[in-house]
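Peer 1: Put chain B on the given structure of chain A with help from the hints.
Each chain, written out:
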Amino acid sequence: ELKVEQNPLFLSMQEGKNYTIYCNYSTTSDRLYWYRQDPGKSLESLFVLLSNGAVKQEGRLMASLDTKARLSTLHITAAVHDLSATYFCAVNNNDMRFGAGTRLTVKP
Amino acid sequence: GAVVSQHPSWVICKSGTSVKIECRSLDFQATTMFWYRQFPKQSLMLMATSNEGSKATYEQGVEKDKFLINHASLTLSTLTVTSAHPEDSSFYICSARGPYSNQPQHFGDGTRLSIL
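In order, the protein sequence lines correspond to chains A and B.
In terms of the working numbering, the first sequence has 33 at position 33, counting the first letter as 1, and numbering is strictly consecutive.
In terms of the working numbering, the second sequence has 60 at position 60, counting the first letter as 1, and numbering is strictly consecutive.
Treat the hints with caution; some may be incorrect.
[Stated by the list, open to error] A short, non-exhaustive set of chain B residues, derived as facing chain A with CB atoms under 10 Å:
1) Thr32
2) Tyr36
3) Gln38
4) Gln42
5) Ser43
6) Met45
7) Leu46
8) Glu59
9) Ser73
10) Ser95
11) Gly98
12) Pro104
13) His106
14) Gly110
15) Arg112
16) Ser114
[As the list claims (entries may be wrong)] Dumping the calculated DSBU-like pairs for lysine-lysine here, alpha-carbon to alpha-carbon at most 35 Å:
17) B:Lys55 / A:Lys41
18) A:Lys107 / A:Lys56
19) A:Lys17 / B:Lys41
20) B:Lys66 / A:Lys3
21) B:Lys20 / B:Lys64
22) A:Lys41 / B:Lys64
23) A:Lys3 / B:Lys64
24) A:Lys107 / B:Lys66
25) A:Lys3 / A:Lys41
26) A:Lys41 / B:Lys41
27) B:Lys41 / A:Lys68
28) A:Lys107 / B:Lys20
29) B:Lys55 / A:Lys3
30) A:Lys56 / B:Lys41
31) A:Lys41 / B:Lys14
32) A:Lys41 / A:Lys17
33) B:Lys20 / A:Lys41
To be clear, the hints were calculated from the coordinates, so they are not data collected in a lab.
Built from N, CA and C at the ideal position, the CB exists for glycine as well.
Just chain A, with the same shape it has in the complex (with noise of 0.2 Å):
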């Protein structure tokens, strides 16, 4: 069975600082998935990582893949009040499974 396992759980920073989330899966597959969730709405998808090596990067947000380790990173650069939120990692193996979420607050 395919478990995705997301950490830290919930984290809390100051302005301006840098940080990682990092999401670990347990069965092979080369498409993982990162979303934001802010309370009370639905998933908005941040980036889709399809290959091993695979980066991408939006605004203060940088996501890695490393498909021989089952490893992604979620980078935050500077992080801003804006970016409090949840996020989550998903992986698809024929239905999307998630992780548990990283609860981010980010403190003025």
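Peer 2: Frame of chain A, contents of chain B only:
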């Protein structure tokens, strides 16, 4: 981009009533649709997968008779929570995709269900 419309966005009803949630793909043929449930401060849990014209495949622990899924057309799937009780209160999210597993899933805006 592809749009999935979910309706209603929020519903409050009394215990014992049945509630239907609709999920529509507006600009593509949704061969496969997924229904997720999300409890507060938790992740999304897949409830069932439905393919157009076929019976839904339910995840372990999800009651088929409780959560009725109909996917009769390529643009519409419905989830009916039958005889809903307070423990069924949750955020329900649908997603839709074309026929191939490597195609992206497009998520609806979710339905917040509150059972009194």
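Peer 1: Taking the hints in turn, state whether each one holds.
Peer 2: Status of the hints after comparison with the structure:
1. Thr32: At about 9 Å, which falls below the 10 Å cut-off, the nearest Cβ of chain A leaves the hint on Thr32 of chain B intact, so it holds.
2. Tyr36: Holds, because the Cβ-Cβ distance from Tyr36 of chain B to chain A comes to roughly 8 Å (cut-off 10 Å).
3. Gln38: holds, 9 Å
4. Gln42: Hint holds; Gln42 of chain B Cβ to chain A Cβ min 8 Å, cut 10 Å.
5. Ser43: Ser43 of chain B check passes; min Cβ-Cβ to chain A is 5 Å, inside 10 Å.
6. Met45: Holds - the Cβ of Met45 of chain B comes within 10 Å of chain A, reaching about 8 Å at its closest.
7. Leu46: With Cβ-Cβ at 6 Å, under 10 Å, it holds.
8. Glu59: At 9 Å from the nearest chain A Cβ, Glu59 of chain B passes the 10 Å test, so the hint holds.
9. Ser73: Interface hint status for Ser73 of chain B: violated (21 Å vs cutoff 10 Å).
10. Ser95: It holds, given that the least Cβ distance between Ser95 of chain B and chain A is near 7 Å, below 10 Å.
11. Gly98: This interface hint is violated because 13 Å lies over the 10 Å limit.
12. Pro104: Because about 7 Å separates Pro104 of chain B from the closest Cβ in chain A, which is inside the 10 Å limit, the hint holds.
13. His106: holds, 9 Å
14. Gly110: holds, 4 Å
15. Arg112: Holds - the Cβ of Arg112 of chain B comes within 10 Å of chain A, reaching about 7 Å at its closest.
16. Ser114: violated, 12 Å
17. B:Lys55 / A:Lys41: holds, 29 Å
18. A:Lys107 / A:Lys56: holds, 25 Å
19. A:Lys17 / B:Lys41: holds, 25 Å
20. B:Lys66 / A:Lys3: Status holds; Cα separation ~26 Å.
21. B:Lys20 / B:Lys64: Holds, at roughly 15 Å.
22. A:Lys41 / B:Lys64: holds, 27 Å
23. A:Lys3 / B:Lys64: Given that 35 Å is the threshold and the Cα spacing comes to 24 Å, the pair holds.
24. A:Lys107 / B:Lys66: violated, 43 Å
25. A:Lys3 / A:Lys41: holds, 24 Å
26. A:Lys41 / B:Lys41: Given that 35 Å is the threshold and the Cα spacing comes to 12 Å, the pair holds.
27. B:Lys41 / A:Lys68: holds, 31 Å
28. A:Lys107 / B:Lys20: Distance of about 40 Å is beyond 35 Å: violated.
29. B:Lys55 / A:Lys3: With a Cα-Cα distance of about 26 Å, the restraint between Lys55 of chain B and Lys3 of chain A holds, given a limit of 35 Å.
30. A:Lys56 / B:Lys41: holds, 27 Å
31. A:Lys41 / B:Lys14: This hinted pair holds, its Cα atoms lying about 24 Å apart.
32. A:Lys41 / A:Lys17: holds, 26 Å
33. B:Lys20 / A:Lys41: Distance of about 20 Å is within 35 Å: holds.
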